[in-house]
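2 protein chains.
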Amino acid sequence: MNIKSYMNDLGKNAKKASNQLTAASTDKKNRFLYRLSELLVKHTEDIVKANLLDLNEAKKNSLDNAFIDRLTLNKKNILAMTEGLIQIANLEDPIGSISSLKPRPSGIQVGKMRVPLGVIGMIYESRPNVTIDAAGLAIKSGNAIILRGGSESINSNNFLATLIKQALITVDLSEHAVQIIDNTDRAAVGELITMRDYVDVIIPRGGKELIKRISDEATIPVIKHLDGNCHIYVDAEADLNKAIEIVDNAKTQRFGTCNTLESLVVHNTIADNFLKKLHDVLKKKKVELRGCQETLKIVKDATIASEDDFYEEYLGPILSCKVVTSLDEAINHINYYSSAHTEAIITNNYENSMRFLREIDSSSVMVNASTRFADGFEYGLGAEIGISTDKFHARGPVGLEGLTSEKYIVIGNGQIRK
Amino acid sequence: MNIKSYMNDLGKNAKKASNQLTAASTDKKNRFLYRLSELLVKHTEDIVKANLLDLNEAKKNSLDNAFIDRLTLNKKNILAMTEGLIQIANLEDPIGSISSLKPRPSGIQVGKMRVPLGVIGMIYESRPNVTIDAAGLAIKSGNAIILRGGSESINSNNFLATLIKQALITVDLSEHAVQIIDNTDRAAVGELITMRDYVDVIIPRGGKELIKRISDEATIPVIKHLDGNCHIYVDAEADLNKAIEIVDNAKTQRFGTCNTLESLVVHNTIADNFLKKLHDVLKKKKVELRGCQETLKIVKDATIASEDDFYEEYLGPILSCKVVTSLDEAINHINYYSSAHTEAIITNNYENSMRFLREIDSSSVMVNASTRFADGFEYGLGAEIGISTDKFHARGPVGLEGLTSEKYIVIGNGQIRK
Chain S
118 MNIKSYMNDL
128 GKNAKKASNQ
138 LTAASTDKKN
148 RFLYRLSELL
158 VKHTEDIVKA
168 NLLDLNEAKK
178 NSLDNAFIDR
188 LTLNKKNILA
198 MTEGLIQIAN
208 LEDPIGSISS
218 LKPRPSGIQV
228 GKMRVPLGVI
238 GMIYESRPNV
248 TIDAAGLAIK
258 SGNAIILRGG
268 SESINSNNFL
278 ATLIKQALIT
288 VDLSEHAVQI
298 IDNTDRAAVG
308 ELITMRDYVD
318 VIIPRGGKEL
328 IKRISDEATI
338 PVIKHLDGNC
348 HIYVDAEADL
358 NKAIEIVDNA
368 KTQRFGTCNT
378 LESLVVHNTI
388 ADNFLKKLHD
398 VLKKKKVELR
408 GCQETLKIVK
418 DATIASEDDF
428 YEEYLGPILS
438 CKVVTSLDEA
448 INHINYYSSA
458 HTEAIITNNY
468 ENSMRFLREI
478 DSSSVMVNAS
488 TRFADGFEYG
498 LGAEIGISTD
508 KFHARGPVGL
518 EGLTSEKYIV
528 IGNGQIRK
Chain C
118 MNIKSYMNDL
128 GKNAKKASNQ
138 LTAASTDKKN
148 RFLYRLSELL
158 VKHTEDIVKA
168 NLLDLNEAKK
178 NSLDNAFIDR
188 LTLNKKNILA
198 MTEGLIQIAN
208 LEDPIGSISS
218 LKPRPSGIQV
228 GKMRVPLGVI
238 GMIYESRPNV
248 TIDAAGLAIK
258 SGNAIILRGG
268 SESINSNNFL
278 ATLIKQALIT
288 VDLSEHAVQI
298 IDNTDRAAVG
308 ELITMRDYVD
318 VIIPRGGKEL
328 IKRISDEATI
338 PVIKHLDGNC
348 HIYVDAEADL
358 NKAIEIVDNA
368 KTQRFGTCNT
378 LESLVVHNTI
388 ADNFLKKLHD
398 VLKKKKVELR
408 GCQETLKIVK
418 DATIASEDDF
428 YEEYLGPILS
438 CKVVTSLDEA
448 INHINYYSSA
458 HTEAIITNNY
468 ENSMRFLREI
478 DSSSVMVNAS
488 TRFADGFEYG
498 LGAEIGISTD
508 KFHARGPVGL
518 EGLTSEKYIV
528 IGNGQIRK
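From first to last, the protein sequence lines are chains S and C.
Each residue of the first sequence is one higher than the one before, counting from 118 in this note's numbering.
Each residue of the second sequence is one higher than the one before, counting from 118 in this note's numbering.
Read the hints as simulated data drawn from the structure, not as lab findings.
Check each hint, because a few of them may be wrong.
It does not matter which identical chain is used: a pair holds within one copy or between any two.
[To be verified] The calculated lysine to aspartate or glutamate pairs, modelled on DMTMM-like cross-linking and capped at a C-alpha distance of 25 Å, are: (1) K145 / E155; (2) K394 / D210; (3) K229 / E523; (4) K282 / D250; (5) K129 / D425; (6) K282 / E162; (7) K282 / E326; (8) K417 / D478; (9) K414 / D445; (10) K400 / E424; (11) K229 / E468; (12) K229 / D210; (13) K176 / E155; (14) K219 / E518; (15) K219 / E523; (16) K132 / D445; (17) K219 / E362; (18) K219 / E209; (19) K414 / D425; (20) K133 / E518; (21) K401 / E292; (22) K133 / D344; (23) K535 / D250; (24) K229 / E209; (25) K325 / D492; (26) K132 / E446; (27) K535 / D365.
Next up, chain S with everything else stripped away, as it sits in the complex:
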């Protein structure tokens, strides 16, 4: 069968399943989540066995350790997957909730009802745990989903697909509510991101190249996350001890995450004192400082930052630094260079904190807290399917609500328009 008609069938089936899911009760959706978590426990050894096929192939192809780490399924992370499903079951069902039903002068009542988006297309790298997360979030939010994982995880995903199907059938949901593309042909992605009749939103997760390609080529709305060039601005009125602790945490707790601090902005009145103290802390952790001319005057072994440095998401032990003379300059600098992911201000000045919150144009804006908190679990969403750096539809960590929309409802008793 050719890819076009294979994908077309997947799309048609997903659309049909999504109509059924819109009407599915919370109880039924939760029973699916519990059933799937039971199956994961019961079949832990089989999952590990299927995963081993992928791991052997990956090792044969000399894929690096970080890659193998993300690909690996073991008792520990399978348990984490089951716990994730239970957590999703415990979350409030967003579907069907009605907000602000208000009477209008005509006599009708107008409100909004939360509804699923319909069909989600998700494209992600070889992290088979995402398969289970995404299936759980999609079903709980009433959406059908078509999953396309990295080709290196095909055996793991195909086996997980059989468990998902079994759980769907047990609770009498359509087996097409979650479909995994079992074809590693890249053309399948091209089809998925242009099937406007069947797919309502595309969620890519992975490297910049993948996300850029999908954004450029998709004719369906994309919830995307490009990069996390996160800033902290240390204000003139910051508590410098807190500032040191927060900057240290944001930069060094984990180097490779999207909410890691990449660029520091410091007010000149406290720059000398603060940067010297900070440098002592960062030197021990082998973090290199790349700064503007003012930074270099204060920290002797800092190197000069190029224009590119201020745009860079290092994902490693490097920090760029800019000394500014005002809050306005800080806000302008951040809005200009940031990737609109997460930025924080450290200050005890009320007005500065309020202006920063309002005027910084990023998906998460923080006061006196580490950028590392930008995360669905930390925000209480229970789980996240990704972090959106877009402004449209969903911004920041995307949990159940980001996978829904609202429609208008009108309750009348015979009203006609005059």
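With chain S held as given, fit chain C onto it using these hints.
Same frame as chain S, now just chain C:
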């Protein structure tokens, strides 16, 4: 100057203005609206004079009466424009409002703040009153806007642009917050809908062809409204007198609006009684009935509906009709053929009304009310910039809130992630 660099300058200036608008106070935005409404009153004669140039040209080109009607500015509709601006000033400012700020176990508080989208690009036909509406809604929602009206209204729009600019400058807002493309070259549209660095959302208003072209070619999210193939389902347990009154109103109050009824779905147990009565009413208003085989058995002078009829937005005195044997069949029929604009059920059965509300996948779903109510003013939005038939971001009438997004805010006092 070539179009590309002309549009690029507009985009850059809009982006800069939008940063200023994000921080603008409600008072300042309202003063702009009042000032502009004063200028419209003061310059009514000049507006009419500028409009006359467009009208003369339109008459010379033998454009039809409906076109000329939409193009005309006179004392009456200029007054309506000023009243529209005052109404927008009276609406609550959505920007900066913070919802559900909640403490998390880590000690941070997490909430959402409503923020502008940034820069809106709007493309519309030759209706110069839209220029004022759109400028008002954009400024109140904190967005910069680039307007491209139909080329036949260029003189009217250029004059209105001078008034808008004057009002912006008076209240110390950037003169680039509202920019009107004074170039009638169609290539300007092509640039506008692909300037991803400067424009955050495109709103097209006009004929199907225009909207289709823009949706196909835009690389920026589009809030669009394709067509309004609206349905009413008359349930077995409907109050038939109310049903007649509502169907009559929805079909015949105005034939040419997007919330006009185009297709009727009737339960077979009441079809005979209901359709005969309805036919008596519609015959007097010269509305043609095109129905399924069952319809034809009941209404002798109905004609047979083709498959195309069930997809059709007639915008005229024709109504398609389908007799069904169950609520399920009705829901499936409607979800299959409708354009996801507005659908209503007429029933006294509680469970049927609830199922219809939940399972119909349209931007407005109604019980016992005329589809004609699907409208920003009737819903209490105060004004609308369009009606979205998309599921993503905004569904249904789009008022101020549809022109905004929410970002996460985090309030801490020194928290770091463990």
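Pop the pair K219 and E362 into one bin, within, between, both or neither, using alpha-carbon distances up to 25 Å.
-> Between copies, since 24 Å is at most 25 Å while 48 Å is not.
Is it within, between, both or neither when you check K145 against E155 at 25 Å Cα-Cα?
-> Intra 15 Å, inter 59 Å, cutoff 25 Å: intra-copy only.
Quick one: K400 to E424, C-alpha cut-off 25 Å, is that within a copy, between copies, both, or neither?
-> Within one copy only: 23 Å inside, 73 Å across.
Intra/inter-copy verdict for K133 and D344 if alpha-carbon distance must be at most 25 Å = between (35 Å within a copy, 23 Å between copies)
How do K282 and E162 come out at 25 Å by Cα distance, when the copy is not named: within, between, both, or neither?
-> Only inside one copy: K282 and E162 sit 18 Å apart there, 70 Å across copies, limit 25 Å.
How would you classify K219 and E209 at a CA-CA limit of 25 Å: within, between, both, or neither?
-> Classified as both; 24 Å inside a copy, 16 Å across copies.
At most 25 Å between C-alpha atoms: does K535 with D365 qualify within a copy, between copies, both, or neither?
-> between (65 Å within a copy, 12 Å between copies)
Evaluate K219 and E523 at a C-alpha cut-off of 25 Å and name the case that applies: within, between, both or neither.
-> Answer is both: 16 Å inside a copy and 23 Å across each meet the 25 Å cutoff.
Identical-chain pair category, K414 with D445, by Cα at 25 Å = Only inside one copy: K414 and D445 sit 23 Å apart there, 74 Å across copies, limit 25 Å.
Is it within, between, both, or neither for K219 and E518, if the alpha carbons may be no more than 25 Å apart?
-> This pair counts as both: shortest intra-copy Cα distance 22 Å, inter-copy 16 Å.
25 Å Cα threshold - placement of D425 relative to K414 = Only inside one copy: K414 and D425 sit 21 Å apart there, 75 Å across copies, limit 25 Å.
First find the shortest C-alpha distance between K282 and D250 inside one copy, then the shortest across copies, and answer within, between, both or neither for a cut-off of 25 Å.
-> within (15 Å within a copy, 51 Å between copies)
Going down the numbered hints, you'll see the structure goes against 2, 7, 8, 13, 21, while the others check out.
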